[in-house]
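Protein chains: 2
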Amino acid sequence: MKNIRNIHERVNLALLKTLKDARKTPTPPKLAASIDYAIFPGGARVRPNLCLSVAEACGEDDFAIAESAAVALEFIHCASLVHDDLPCFDDAELRRGKPTVHRAFGETVAVLAGDSLIILAFENLAKGCENSPQRLIQLIKILSKSSGVPFGICSGQGWESEDKINLSAYHQLKTGSLFVAATCMGAVSTGEDPEPWVELGARIGEAFQVADDLKDVTYSQKLTGKPTGQDIKNSRPSAVAEFGVDGAIKRLQDILSGAIASIPSCPGEARLCDIVRNQAKQLMPSFAADKVL
Amino acid sequence: MKNIRNIHERVNLALLKTLKDARKTPTPPKLAASIDYAIFPGGARVRPNLCLSVAEACGEDDFAIAESAAVALEFIHCASLVHDDLPCFDDAELRRGKPTVHRAFGETVAVLAGDSLIILAFENLAKGCENSPQRLIQLIKILSKSSGVPFGICSGQGWESEDKINLSAYHQLKTGSLFVAATCMGAVSTGEDPEPWVELGARIGEAFQVADDLKDVTYSQKLTGKPTGQDIKNSRPSAVAEFGVDGAIKRLQDILSGAIASIPSCPGEARLCDIVRNQAKQLMPSFAADKVL
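Taken in order, these protein sequences are the chains called A and B. Numbering follows the numbering used here, in which position 109 of the first sequence is assigned residue number 338; successive positions increment by one, without gaps. Numbering follows the numbering used here, in which position 170 of the second sequence is assigned residue number 399; successive positions increment by one, without gaps.
There's no promise every hint is true.
Pairs count within a copy or across copies, as identical chains cannot be separated in the list.
Once the Cα atoms are required to be at most 30 Å apart in a straight line, the calculated DSSO-like pairs of lysine-lysine come out as [said to hold, decoys possible]:
# : residue 1 : residue 2
1 : Lys356    : Lys374
2 : Lys356    : Lys370
3 : Lys370    : Lys479
4 : Lys393    : Lys356
5 : Lys444    : Lys356
6 : Lys259    : Lys510
7 : Lys246    : Lys374
8 : Lys370    : Lys327
9 : Lys246    : Lys356
Just so you know, the hints here were simulated from the structure itself, not pulled from any lab data. Since this is a predicted model, take the numbers as computed values, not measurements.
Next up, chain A with everything else stripped away, as it sits in the complex:
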């Protein structure tokens, strides 16, 4: 557990350091405050933690690269949440136990906060890769593929505006793609080939989505920090709607076992297995946590 806490601290320190620039004048005060508000205090930081965990497992030779990758992942993730909460999307009131960005700062500022975070993600990557421009090219390709069109979050969100939707493609784009980016960017940050790390990210992403669907049905708003029952309310595709609660839990177990089995051979393999196992426990709804692995 000590290691996870350290990674979490490393992520938060890197996020804080990066946002210092956004607070400088001439940033308009409301916009600067909304960007801070979208990032802090933050959720579980699953994606940047995963990125740094993989980088540490591969053996880092330049700490700045993986940290800039971790920050970029969290910025893109938070930007997608801010825009996804907007009135024209989910019109969400709460996120992480507090009013959503547009409720706290207004809709225009929320649109701009999302835009600014996307741009900051790429800017920060470039700064982190000063000494490794070749890795920057790979990192930007992975990050943009996972967040834009046709293979990333934007495509996933875009499917919500279509009449016909494919559940698994939708989840893969909207949630899975950034988890794949997290493991692959962790590997690329250390100069490793990203390909062997795709499966770990894909499986954790899939598990995360199933866990989210389960929480939406079985948890209260107090526990999740955001309104629950939204999938049914918005007629959104969901693993629970497709497989039922027990079927979804079984599916979660299978996915997580596969995730651990997929970890490639690397210097910190054993520790990374522990980290993923601990992460898995946190993903499972509490009433089923003992059934994890």
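Starting from the known structure of chain A, fit chain B onto it as the hints suggest.
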């Protein structure tokens, strides 16, 4: 004039080629169509034309780099227009003579089209710089600085949500910053130092904003392709409100003379002067076009 037409064609071909990816499945059809719609048929392409003109003047050694920079500038510009037209900002009905993106495709798709274009801008830069990763770092720093916070378009737009606003800082951020990026990215694309090119971009950006303020007052909607009289309607800061129509025209002349005088010594200096002079004529309202330079 032949040269300008060639550059314009080069820009449009590069834009088309880049958007091919966004049309691939699994891009949701409405989102893919809205991205095309935001870029084509397009406006004057002033920023990408300027970027390519500077690159040609400096002597290009790799055409893909300057083209990816030009595309990135146009994508960021169009993304900012799509978001700026949203109901929570200007609630604009028309842009370039046709319904705005959110009027044609809905608000959610418009938010995602803007996000996708920002991400595509950076993705495309990385692809264009495969053989020059060191230039990629510089290009991303310039593009992100000019589009995000604290020094870019997002900050400029953010000032519209504040009570106190500084006219010149506002224009510099919202419009000027991307023109500075255009000249500097053109230079960096060829391996040149960007610093001597800052003034040309800044002056053209300033001229463009003054010309836009003049058109908003003196032109009809039919001529500009978008509703005019918006600055007064939305109580927005404007050069015409500050200096009057004649004062604004005088200011435009001074700025453009300064722009041409600022062009650094380079292999294609004479041709670049012609291009900027021609651009200046197009910027001036028709009743004052003979007064340009």
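Hint-by-hint comparison with the structure:
1. Taking the shortest alpha-carbon separations for Lys356 and Lys374, both the intra-copy value of 20 Å and the inter-copy value of 12 Å come in at or below 30 Å.
2. In this assembly of identical chains, Lys356 and Lys370 lie within 30 Å of each other by CA distance both inside one copy and across copies; the values are 16 Å within and 8 Å between.
3. Taking identical chains as interchangeable, the C-alpha atoms of Lys370 and Lys479 are never at most 30 Å apart, the minima being 34 Å within one chain and 47 Å between chains.
4. In this assembly of identical chains, the alpha carbons of Lys393 and Lys356 never lie at most 30 Å apart, being 41 Å within a copy and 32 Å across copies at closest.
5. In this assembly of identical chains, Lys444 and Lys356 lie within 30 Å of each other by CA distance neither inside one copy nor across copies; the values are 38 Å within and 40 Å between.
6. For a Cα distance limit of 30 Å, the shortest separation of Lys259 from Lys510 qualifies neither inside one copy, at 38 Å, nor across copies, at 39 Å.
7. In this assembly of identical chains, Lys246 and Lys374 lie within 30 Å of each other by CA distance both inside one copy and across copies; the values are 26 Å within and 17 Å between.
8. In this assembly of identical chains, the alpha carbons of Lys370 and Lys327 never lie at most 30 Å apart, being 34 Å within a copy and 33 Å across copies at closest.
9. Taking identical chains as interchangeable, the C-alpha atoms of Lys246 and Lys356 lie at most 30 Å apart whether they share a chain (12 Å) or sit on different chains (29 Å).
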